[in-house]
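Listed here are the chains, written in short residue letters.
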Amino acid sequence: MTGSQRDTLLFSGIVLCCVFFLVWVIPTYTPAYPGYGVPGSLVPNVAVSIILVLSLLTLSSNLLASYRARRDHKKPKADKSQVDRIHLGHLLLFMVPSFLLMPAMKKLGFLPFDLGFIMPGLIFMLIMQWLCGQRKPVPLALVAAIPVGVIYMAIRFGLGVPMP
Amino acid sequence: MFEVVIAGFIDSLQFSNLLFVFIGVTAGMMAGAIPGVNGPMAIALCIPLSYYMSPMAAIGFLVGLNKGAFFGGAISGVLLNTPGTPEAAATTWDGYPLSQQGKGEKALRMALYSSVSGDAFATIVLILVAAPLAAVALYMGPPEIFALICLAMTIIAGLGTTSLVRGLIAAVLGILVGTIGMEPVSALPRLTFDIYQLERGISLIPIGIGMLAFSEIIIQLERRLKYGDTNRTMSFSDKKEDRFISWREYCGSFRTIIRSAVSGTVVGALPGLGAPVASFFAYDQAKKKSKDPDAFGKGKLEGIAASEAANSAVVSSSLIPLFTLGIPGNVAAAMLIGAFVIHGMIPGPLMFEENAQFIYSIYGSLIIANIFLLGVGRVGLKTFCKLVQTPAVILYPIIIFTCLMGSYLAQYSIFDVGLMLFFAFVAYFMRKFKFSHISFIIGFILAPIWETALQQLIISSEQNPYMIFTRPVAIGLLLITAFVVARTTLTAIRKNK
Numbered sequence: 001m002t003g004s005q006r007d008t009l010l011f012s013g014i015v016l017c018c019v020f021f022l023v024w025v026i027p028t029y030t031p032a033y034p035g036y037g038v039p040g041s042l043v044p045n046v047a048v049s050i051i052l053v054l055s056l057l058t059l060s061s062n063l064l065a066s067y068r069a070r071r072d073h074k075k076p077k078a079d080k081s082q083v084d085r086i087h088l089g090h091l092l093l094f095m096v097p098s099f100l101l102m103p104a105m106k107k108l109g110f111l112p113f114d115l116g117f118i119m120p121g122l123i124f125m126l127i128m129q130w131l132c133g134q135r136k137p138v139p140l141a142l143v144a145a146i147p148v149g150v151i152y153m154a155i156r157f158g159l160g161v162p163m164p
Numbered sequence: 001m002f003e004v005v006i007a008g009f010i011d012s013l014q015f016s017n018l019l020f021v022f023i024g025v026t027a028g029m030m031a032g033a034i035p036g037v038n039g040p041m042a043i044a045l046c047i048p049l050s051y052y053m054s055p056m057a058a059i060g061f062l063v064g065l066n067k068g069a070f071f072g073g074a075i076s077g078v079l080l081n082t083p084g085t086p087e088a089a090a091t092t093w094d095g096y097p098l099s100q101q102g103k104g105e106k107a108l109r110m111a112l113y114s115s116v117s118g119d120a121f122a123t124i125v126l127i128l129v130a131a132p133l134a135a136v137a138l139y140m141g142p143p144e145i146f147a148l149i150c151l152a153m154t155i156i157a158g159l160g161t162t163s164l165v166r167g168l169i170a171a172v173l174g175i176l177v178g179t180i181g182m183e184p185v186s187a188l189p190r191l192t193f194d195i196y197q198l199e200r201g202i203s204l205i206p207i208g209i210g211m212l213a214f215s216e217i218i219i220q221l222e223r224r225l226k227y228g229d230t231n232r233t234m235s236f237s238d239k240k241e242d243r244f245i246s247w248r249e250y251c252g253s254f255r256t257i258i259r260s261a262v263s264g265t266v267v268g269a270l271p272g273l274g275a276p277v278a279s280f281f282a283y284d285q286a287k288k289k290s291k292d293p294d295a296f297g298k299g300k301l302e303g304i305a306a307s308e309a310a311n312s313a314v315v316s317s318s319l320i321p322l323f324t325l326g327i328p329g330n331v332a333a334a335m336l337i338g339a340f341v342i343h344g345m346i347p348g349p350l351m352f353e354e355n356a357q358f359i360y361s362i363y364g365s366l367i368i369a370n371i372f373l374l375g376v377g378r379v380g381l382k383t384f385c386k387l388v389q390t391p392a393v394i395l396y397p398i399i400i401f402t403c404l405m406g407s408y409l410a411q412y413s414i415f416d417v418g419l420m421l422f423f424a425f426v427a428y429f430m431r432k433f434k435f436s437h438i439s440f441i442i443g444f445i446l447a448p449i450w451e452t453a454l455q456q457l458i459i460s461s462e463q464n465p466y467m468i469f470t471r472p473v474a475i476g477l478l479l480i481t482a483f484v485v486a487r488t489t490l491t492a493i494r495k496n497k
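Keeping their order, the protein sequence lines are chains A and B.
So for the first sequence, my numbering puts the first residue at 1; every next one is plus one.
So for the second sequence, my numbering puts the first residue at 1; every next one is plus one.
Honestly, the hints are just simulated from the structure, not real lab data.
No experiment lies behind these values; they were computed from the predicted model shown.
Built from N, CA and C at the ideal position, the CB exists for glycine as well.
Treat each hint with caution, since some may be false.
[To be verified] Computed Cβ-Cβ distance ranges for the label pairs, DEER-style:
1) B:473 <-> A:22: 31 to 39 Å
2) B:341 <-> A:90: 30 to 38 Å
3) A:31 <-> B:341: 20 to 28 Å
4) A:20 <-> B:14: 49 to 57 Å
5) B:476 <-> A:90: 45 to 53 Å
6) A:22 <-> B:353: 37 to 45 Å
7) B:14 <-> A:156: 21 to 29 Å
8) B:101 <-> A:149: 41 to 49 Å
9) B:223 <-> A:27: 39 to 47 Å
10) A:156 <-> B:466: 58 to 66 Å
11) A:1 <-> B:19: 53 to 61 Å
12) B:473 <-> A:67: 37 to 45 Å
13) A:36 <-> B:475: 21 to 29 Å
[What the hints assert, rightly or not] Chain A regions said to be covered by chain B (calculated; three or more residues, Cβ under 8 Å):
14) 13-26
15) 120-126
16) 138-149
Working from the sequences, and respecting the hints, build out all of it.
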């Protein structure tokens, strides 16, 4: 995919989202005009309209440039955004454990009170280090235990915050 | 009035304030020294901690953090040719060649003394001009405030992206996200998608941590995946003349330091330009005015002095639009707005009337932070240099975990952690597709002020839209905004031809 094709897809998607927001989301999820002041939908409508206009301008400018490039037989620029399967997979590798950490902590607790309990914070740190490329067992264990312990002590006893 | 000023400065000398400013400066230097971690990221991560501090200590801590980070960025730049912060890039042009000659410590000391000097100059300017400017700003009504924020958003839209159109889209998207929560007039939920946790609105902390910290770490890890770990070896000379800056060497660069501090102060006071613009401009001017311009880029101390004095001056001068108009000049100032709001204060011209003593205590904290910057930098320089060698496999998991816990700390809510991850996801794709996440954050912060000004404008004009034509200042600002947008759009269209 070339850079121009990527931009065309991207801004087409933005235009469609803006239309969807204007036609359905904003009317459905904003309160009715109370009869005085400014309607609650004004600022969202103005914001989405500005995004729509700017996106349409960029889209038309992009399409015009693509047409001229094809007419003049110019080589299109490659897509340099690096949004491909490898990078998306890399992103998900870090996002999924992060999404799972807090519900796991809520269910299982931050630290164990008995041996044998699963420790979400420690397991999370082990997973993150593994994904970052750490393979040595001693640093793995130390970096998992020490920051989790220090942060727990600081937050629970230093700041008095109730932990999940 | 004089009593208020003295009382404010005395307040800043309280032990708790001194302690937190010291911790902030030290932590900021450590954060800035580590490549991939910068001042705004450190502020975003530490804002939840400020909940548990007094307002003065919190602002002093965060300001100290920002100042320390600006200097800290020079450490990895000089030693590894990898600036810890974008504004330290110009410092590497002369800092790294000096480091390769074994004079890394000398380069860092010049960076430190220039930072302190530039920052001191900008702090003095802030103290002298902010109050008079705020008095003028009080005459601005809703039409002027509305028009000013439109103009500020247009200028700020250029931050963090080469395309102003994409920056504008990001800024307006930030405004849209800022409208989620309770509608101010009817007090009914707006754009909450029937999720009750969104009725209180979205806090700045999940957005700040997700967009500035978490997404940055993911992108750093991708680079590491592609390029691997860099070989980090450093060596320092034992000779005294290669380690220390003499009084003569400092005086020799003094004119450059002052000139750069002036340009840094002016750039910092204008919203949207940012510290990188200041440091590059100052470096360029120093080279042009030097008797030996060919020596620049090969280890010239004046090059380091110019860059560091300018970018450190931005730290204090970016508070000028924040205090006088309530408009953040850069993302660090935007995060500070969040800290002010958390402690029940709205930055702007009214602060000088309602919280004058607090303002002067912040000035005191700025001066104290500068003194600590000098002291901590001189004493701890070698220790901070070792931090640069921390392996990424140790550092990044700790930062990721801190991001998650920091988001939880804000409102003890797991929903906020989910929000943080969602905005990290959004920021990742924004950065990939060259949309400015910084403009998004500033748009989000300015949204309530902009909407309030718009509402007041419409209500006070009794639904008469032509009322704005009777306000020449507002019209002037809107015309400038339209001109900037039109010019940028035409430039973009011509570029695409």
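Whether the CB-CB distance between residue 473 of chain B and residue 22 of chain A falls inside 31 to 39 Å
For residue 22 of chain A against residue 473 of chain B, whose Cβ atoms are near 32 Å apart, the range 31 to 39 Å holds.
Using the Cβ atoms, figure out if residue 341 of chain B sits within 30 to 38 Å of residue 90 of chain A.
holds (35 Å)
So the hint says 49 to 57 Å: do the beta-carbon atoms of residue 20 of chain A and residue 14 of chain B match that?
Holds, at about 54 Å.
Is 45 to 53 Å right for how far apart the beta carbons of residue 476 of chain B and residue 90 of chain A are?
holds (49 Å)
Kindly confirm whether 37 to 45 Å is satisfied by the beta carbon distance between residue 473 of chain B and residue 67 of chain A.
holds (44 Å)
Pairwise beta carbon distance, residue 14 of chain B to residue 156 of chain A, judged against the given window 21 to 29 Å
holds (27 Å)
Lying within 20 to 28 Å: is that true of the beta-carbon distance residue 31 of chain A to residue 341 of chain B?
This hint holds: roughly 24 Å between Cβ atoms.
Check whether three or more residues of the region 138-149 of chain A sit with their beta carbon closer than 8 Å to a beta carbon of chain B.
Holds, because 4 residues of the region 138-149 of chain A bring their Cβ atoms closer than 8 Å to Cβ atoms of chain B.
Note whether the CB distance of residue 156 of chain A and residue 466 of chain B lies within 58 to 66 Å or breaks it.
Distance hint for residue 156 of chain A, residue 466 of chain B holds at roughly 60 Å.
How does the region 120-126 of chain A fare against chain B when you require at least three residues with a CB closer than 8 Å, holds or violated?
Since 3 is at least three, the answer is holds.
Given the range 37 to 45 Å, decide if the beta-carbon distance of residue 22 of chain A to residue 353 of chain B lies inside it.
The hint (37 to 45 Å, Cβ to Cβ) holds, given that residue 22 of chain A and residue 353 of chain B are roughly 41 Å apart.
Regarding residue 1 of chain A and residue 19 of chain B, is the given constraint of 53 to 61 Å on their beta-carbon distance met?
holds (55 Å)
Going down the numbered hints, you'll see the structure goes against none, and every one checks out.
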